[in-house]
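A.B. asks: Chains as they are written, first to last, in this note's numbering: chain A, 606 to 905; chain B, 1054 to 1582.
Where hints are given, some of them may not hold.
[Stated by the list, open to error] Restraint ranges, calculated between C-beta atoms of paired labels, are given here:
hint : chain 1 : residue 1 : chain 2 : residue 2 : range
1    : B       : LEU1573   : A       : ALA692    : 58 to 64 angstroms
2    : B       : MET1406   : A       : LEU703    : 46 to 52 angstroms
3    : B       : ASP1162   : A       : LEU764    : 24 to 30 angstroms
[Said to hold, decoys possible] With a straight-line cut-off of 27 angstroms between C-alpha atoms, the simulated DSSO-like cross-links for lysine-lysine are:
hint : chain 1 : residue 1 : chain 2 : residue 2
4    : A       : LYS846    : B       : LYS1174
5    : B       : LYS1397   : A       : LYS899
6    : B       : LYS1402   : A       : LYS899
7    : B       : LYS1339   : A       : LYS899
8    : B       : LYS1563   : B       : LYS1549
9    : B       : LYS1339   : A       : LYS846
10   : A       : LYS846    : B       : LYS1186
11   : B       : LYS1217   : B       : LYS1270
12   : B       : LYS1397   : B       : LYS1339
13   : B       : LYS1270   : B       : LYS1459
The hints are simulated quantities; they were obtained by calculation from the structure and are not laboratory data. Just so you know, these numbers come straight off a predicted model, no measurement behind them. All C-beta atoms, glycine included, are put in the ideal place defined by N, C-alpha and C.
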Amino acid sequence: MMQTLGPILNSAVVIMTPLLLAATGGLFTELSGMLNIALEGLMLIGAFGAIVFTHYSGSMFIGILAGILCSMLLASLIATVSLYLKANVFITGLAANLLVSGLTVVLSFKLFGNKGVVSFVNIPQLPLLHLRWIEKIPVIGNLLMGHNGFVYFSWLLLLLCNFVLYRTPFGLRLQASGLHDQVLVSLGLRPAHYRFIAFLVSGFTCALSGAQLTLNLGAYVPNITAGKGWIALVVIFLGQKRPFGLLVAACIFGLADAFSNFAQGSWDIPADFILAIPYILTLVAIIGVSIYTKRKSRIG
Amino acid sequence: MLMHDVSEKAYPNDRMIRAVQMDNITKIYEETGTLANNQVNLVLHKGEILCLAGENGAGKTTLMKILYGMERPDTGSIAIYGRRVHINSPLEANRLGIGMVHQHVMLIDDFTVAQNVTLGKEPIIHAVAYDEKRAEQLVEDIILRHHFSIIANQLVSSLSIGQKQQVEIVKMLYRNVDILILDEPTAVLTEQEIRALFVTLRSLIEQGKSLILITHKLNEIKAISDRVAIMRQGRMIAEAKTDSVDEYEISRMMMGKNVGSNIHKPSPVLSGRREIFRVSNVSVIKRDSGNPLLNNISFSSYSGEILGFAGVGGNGLTELEGILTGMLSVSQGTLEYRDTDVTKADTRKLRAMGMAYVPGDRLHTGVALEATVGESLIIHARHRLSRIGFMQRKKLAQYYRTLSHKYAIQGSMHMLTRMLSGGNIQKLILAREIDQWRDLIIFSEPTWGLDSASSQFVYDQIWLLKEQGAAIVLISSNIDEILSLSDKIIVMHRGKIVARFNHSTNEVTKEKIGTYMLGLAHQGATDDD
Ligand SMILES: Nc1ncnc2c1ncn2[C@@H]1O[C@H](COP(=O)(O)OP(=O)(O)OP(=O)(O)O)[C@@H](O)[C@H]1O
Ligand SMILES: [Mg+2]
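Chain A on its own, in the form it takes in the complex:
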């Protein structure tokens, strides 16, 4: 049992990380009162930027920074257009997603003469963290260790996010702008200001999320995010818009995905059915959560 469970859990952790990162940033925009559907595009531009600049600079660090810069630039563009030029945030988000998916194809063709998969031989492997004394802990030791830096960073970021949202004036105001922005206006504060910052944060975390995808693979696959940005949105709602809820929700997705990957290879069940498992699970989870919230908020 442990033999199969171990790898599944391990790959679940890797699969959930991009979701968790994107959802963490998305939580900021969500709480500030903006539906940020551009998570997908922000991830994709981060993914592309990170690997391309790693390739040219030879440094993964510089590559990731550049990916973050690209993504945050796009985020500030979306924010400016929707907050100050008052365009509908849904439309701007949609436009951003389309823009990025086109732009990456064009650039990939221009730079590498290839619209398909571009693999980069000079990209180093992502280093994995091993701490002997933690690995010695039975069961969870192996689960906690042996992952790349993004995984650990996503956990740290989640803690930080929890602190910022619930323990700082900024977090309070951010939530206020989502709950009742006129209150901020009446106090002379600008909701748009907090929403702008929320967009920047989502750009930052989405870039990391995307960077993990490409750097882990050492290659750029067109549309590598494959809807993960949208699933991250679902994670936010499933996670009840709470940092640790995000963790649980991302975990569920990670497990479902990892399990279906495993089952495809080893069980004699139609592959289509197995591939549908994560989505069925999503549906069940969403229904479960909404029933739960309804119960909780009900009186009596």
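Start from chain A and add chain B with the ligands according to the hints.
C.D. replies: Just chain B with the ligands now, kept in the frame of chain A:
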């Protein structure tokens, strides 16, 4: 003595320090072209209470928003303690020591009292963190100093409207303001709460603060203010020392005519009345809270009868409104509407069955602020006004014209609901609901924020509804209103019914109701009728 001339020399006592001087303020709302303030002058002396009065839509809120930096005037100047200033944001206003408590509470329900109060000016610990403990302590200090009935770490959603108002005042005191504007603070308060508020206001004056108070209630102007300023149609039309005028003069200045007091004598209950709505042994118990919000309530509402509910905020009136309208589900007991069990019915179903409802929380429940006035008005009647799923614009325009004329709603069909003045929003809701009643209509705080002429109009409407045979439930914190309209009166305290009066057969006094409302007396189990 009266002064209709509001120029410089009109102020006799020049030795008084002018805390605020607004000169020649003109404001046109660009989006709608409304001239909301027309060359208005206003002076507030240090240490005085100035009442600003005027009918709905006169421009009072606009003028105060200009002083508080929320709106920019098109012309005119403002001086604070003699120094000319440009106030272009509430932050700037706060820095100048000006604070404002808004006509509609500006609070976040999911935050605690302390969080709401300190928002924007949060105490900091460890360089970056919000110091929740200190925030709560600072707020608790202010609460204690002014004997408010709220607790710093309480969620705002659990407060009554009167208590929410207290939070607003604490919010401004926390900002150390010296000039405080209160926009219709008494509109939704009960008599006791108003008295408590006035005590607070006087103590603020003793501390050397200066206040501007907007109110429609003439007796309050007399009771609390030093001076009164009256606006009509965007202009400042009169200004006087309160001592030198009486209530009739004030109302004449407001309306250009005398308005009688709002007392109706209840007419005898019509014969042949039918039971329309029955509430039997209903309790509402909130999870993880010991005290039931409603405790074993039973009563019936009959056709052609006005059933009034009185109670101090936080004693179950809000919950009562909730269960009657299907917004809140009951934990125990049953509800019957014309012999149909509606214990589990939602608002939509109840409305479909014929219930009309004027909610107390008008901005959240009553209208969609971002919808146009026309949309807000016809939301219920969209089927009637449309054919094969398309709105018939002409019909809609005509419907709007009829109702806005009948209810004297100032505004146009195409402007956004939030651009209406507070009183006009309420008229809009009343128009919509009264127009669609069938047999049951629930009023919660129907005259909140209305000027006296409009209030009188609403009373007449309620009266008419009764004569037409409507079963009317009236929930109001205004005892005078309850007394003058209701045939039967039920008093609530701590979620229980503590007294029932049959007003059409026995005289009930305000004092009597007051003692029950405060829980000083309990009537034992008496019969409904
Ligand atoms: N944001 C806005 N945009 C356009 N018009 C507005 C806006 N706010 C107010 N008005 C209009 O300006 C006029 C004055 O409104 P204001 O709110 O100052 O009245 P008020 O004296 O406070 O009335 P009430 O007693 O009903 O609160 C009204 O005709 C109103 O419709
Ligand atoms: Mg007003």
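A.B. asks: For every hint, state whether the structure bears it out.
C.D. replies: Here is how each hint holds up against the structure:
no.: 1; hint: LEU1573/B to ALA692/A: 58 to 64 angstroms; verdict: holds, 59 angstroms
no.: 2; hint: MET1406/B to LEU703/A: 46 to 52 angstroms; verdict: holds, 48 angstroms
no.: 3; hint: ASP1162/B to LEU764/A: 24 to 30 angstroms; verdict: holds, 28 angstroms
no.: 4; hint: LYS846/A to LYS1174/B; verdict: holds, 25 angstroms
no.: 5; hint: LYS1397/B to LYS899/A; verdict: holds, 15 angstroms
no.: 6; hint: LYS1402/B to LYS899/A; verdict: holds, 20 angstroms
no.: 7; hint: LYS1339/B to LYS899/A; verdict: holds, 14 angstroms
no.: 8; hint: LYS1563/B to LYS1549/B; verdict: holds, 19 angstroms
no.: 9; hint: LYS1339/B to LYS846/A; verdict: holds, 24 angstroms
no.: 10; hint: LYS846/A to LYS1186/B; verdict: holds, 25 angstroms
no.: 11; hint: LYS1217/B to LYS1270/B; verdict: holds, 21 angstroms
no.: 12; hint: LYS1397/B to LYS1339/B; verdict: holds, 17 angstroms
no.: 13; hint: LYS1270/B to LYS1459/B; verdict: holds, 23 angstroms
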